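K.L.:
Spelled out, the chains give:
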Amino acid sequence: MLSVARLERLAVAVVAVTLLLTGPFGVVDATARNPTTVGDGRANAAVERLDTSGLLVEGGRFGTGVAYLRIPDATVAVSDIEGRPRLVYRVSVPELGVDRTTTKLLSGGQSGTVRLGMRDRGLDPDSVTEQRYRATITVRVQSFEYDQTVFETDETVEVRP
Amino acid sequence: MSGDRPSGVEAQFRSVWSERLSQYGNRAGRFVFGDGVGVTLWLAVVLVLALSWRVGFFITDTYPIANAVANLGDGRLAMTPTDFQYSLTLGTQPGLHEYGGRFYARNYGQVVAALPFLWLLEGASAVAPPRLVLAGGWALGVVGLGRRLAAHFDRRWLRLVAVVVASAWFAAAVVFATALDRSQLPLVALQLSTLAAAGLVAVSCYRLVGAFHDRRVAVAAGVALALATPVGFWATIPKRHVLVTALVFGSVFAFARSRQLDGRASYVAHGLAYGALGLIAWVHAFEGFFLTAALFAVDFLTEPRKSRRRLAVAGGIFALSVLPMAVTNVLINGNPLRPPRLLPGVGPESVELAPTGGPESGGGDGGSGTAGDGVGADPTGGGDSTQRTLLDELFGLLSPLFVLMTLAETVLTQLVFIGNYAVAAVSDGVTAAGEHERLWEIFLRRGNSVSLSGVNDYEPIDLSVVESTPIVGTLLALPAVAAVHLRRHGVAVSRLGPRRQTDLLVASYVVVLTLVYLPRLPLFSQLTVRYLLPVIALASYCPFRLPAVREAVTGAPRTIAGVYAGTVLAGPVLFAVVLAALDPALGEAIQFHALLGLCIAAVAAVLVVGRTLAPARVSPRSVAVGVALAGGATTVYLSLASVEYFAYGPFAFDVVGRIARLVPIL
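Chains as they are written, first to last, in our numbering: chain D, 1 to 161; chain B, 162 to 827.
Check each hint, because a few of them may be wrong.
Just the calculated beta-carbon pair ranges, DEER-fashion [claimed, not checked]:
| id | chain 1 | residue 1 | chain 2 | residue 2 | range |
| --- | --- | --- | --- | --- | --- |
| 1 | B | 760 | D | 154 | 39 to 47 Å |
| 2 | B | 719 | D | 39 | 48 to 56 Å |
| 3 | B | 763 | D | 136 | 41 to 49 Å |
| 4 | D | 49 | B | 377 | 51 to 59 Å |
| 5 | B | 492 | D | 127 | 48 to 56 Å |
A partial selection of chain B residues facing chain D, derived with a Cβ cut-off under 10 Å [said to hold, decoys possible]:
| id | residue |
| --- | --- |
| 6 | 297 |
| 7 | 307 |
| 8 | 308 |
| 9 | 335 |
| 10 | 718 |
| 11 | 746 |
| 12 | 747 |
| 13 | 751 |
| 14 | 755 |
Derived from the structure by calculation, the hints contain no laboratory data.
Just so you know, these numbers come straight off a predicted model, no measurement behind them.
Positions of the beta carbon are idealized from the N, C-alpha and C atoms, including for glycine.
Generate coordinates for the entire structure from the input sequences, incorporating the hints supplied.
P.N.:
Laid out in structure tokens, this is it:
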């Protein structure tokens, strides 16, 4: 019969032993499996969905009193991932001083679709003087040894009153 | 523990010692936590708030403090540019100060508080990976919490639940573990210290309310302070605010006890009320100064028992408590009353509650440098080789006297300087208190402030006091409570009881801290008006002094707990759904919280006022719903802010990061 007290002691013992086994004097490196930084490698990628009409400037809601450059999400299909490359989604609107990137680390066996979200960018409402701006959108696969642009387009950003 | 087979003198000796040690341990525990409920509350709050912990720098002001922790951990007080471990350049560290070509952080109280945590972490990391040390610590904490809760509620199955949660947590932590570099440990230690302080805020509030009221009200107040006010927001963002708040609450609690007790215990508690403020001076000398002035005023006006012994004990404890600050200042610049904040700043300009420049500009303080030199060049320095004349000998004998005189002069100049500054700060505050627009922005609706929005990349991420802490809105009922009280009991200000004296102290702390910070607000990167965090925390304690709120806790405990739990569990989901549909920008999401917070604050305030004025019409249960919603609104904001809105670093626990990735709001 396993009492609660014994279970508690067991849990504590398991924690302690695991800590020692994964430590500097241990036998396993627990963190090796979950890399957080880009390395070498490559992958195939194709943009599945990127609604460029969603790229526009409009006034902020809920009393924010600023203008926002709305930036759509990008959905990218990835396959054949080798090593630790990353996806880079970049939006730049030079006339508004906007250059944003968002990245996502890819690791082996992760094929499927990847969503790259980018936060809207706050703008000084007084700085938005034109009706239209030019924007460049790119999506790349990048690693230390590899850099492939899989999507590149010039877009017009509309300013909505 | 040990002592199963006491054989021989040695074992007996050992058992006496272990008994004595555990006795000391118990006494220390009782001093900090009060009772078992206090320990449980602390543990629960720390474990819950740790979930939203990100290891990273949210505000650049933290760089110099973290650098100081790393350096002091290595035994270095003065830093040179090669000693910086985080943010290597000088221009990126607001709050870095220079003296004699060396660099110092502005606040060593916080740095020293983080050191024990650093030693613990470094010790544990010598044999285990830092990431799993944190996860293991959390898991063990849950097992401990399960045991305590099971004992309190007499429910054995809680222990089983705790073991299952802890095991699952640790297993997931091992599977998802990412590397946490040992170079991050000073930052982690700093974050742990403020997290522990957040737990102490809850405990001190629990003890303070418990000194006057029902235990259930006290527990509710403790939980509310940590989870339903911005204290939770700043728990793992290691600014000074939570630490100061914990000490402020410690001071108020000690004051309350000193008024309730008699004899020696009362003297000591009285001294501790001042002692906590002395320690605040080590964190922020001017906050400590203004709070001490407020305490002294209230103390002087309300304490009829002014015996010489009481004064001696209080003065002694206060003198001891300012000693760490004075010693630190002497080690840095030779002047015990010149904190690092008064030394020339190096980093980018920052807003500081401290006078610019020092009294040395008038020339009077030139003595501070010489005072330090004088100590070094004392007889020992000059007496070993060359022949000394009689005159030298004489000067040698007198030099300690000179040093003392110079020191006294320095201290006096500094006191005059600080006094002048204090008067100016308060009068500025009084002027600012007359500006309605300023007050509106700080306390009610922050929204977009055109003059400041450019600072945060045009993102209106700041909230007002009521927007971030709707439970403060219930204080609208204060005039009603006062009116009802006066009608029933008439005016009896002449002789205040311990409760009212403590209320007066809380009010004066609130007023003095608000006044000195008013001219500096509204300001960018305040998020939850962080300069006023101690004020907001004290104001959030006040509702638990209102009869209407207390009746809601004691009369409808299940309603208040249920509605709060429901809000906290369902709130983030509802928010995620609504915001996913609205697809907001960061500032929009936060202003959405702000508007919702204002609405809920209004509802809660109306219910509390209604209950106060017409108890027959408004039931305790509806007040409970209003207060629980108001508290829940803040908790929901705190959790989403960490999980979704402000991603300034990877989570301390990878599992939380995995969950956060599934919430696509922005």
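K.L.:
Report the numbers of all earlier hints that the structure fails to satisfy, in ascending order.
P.N.:
10
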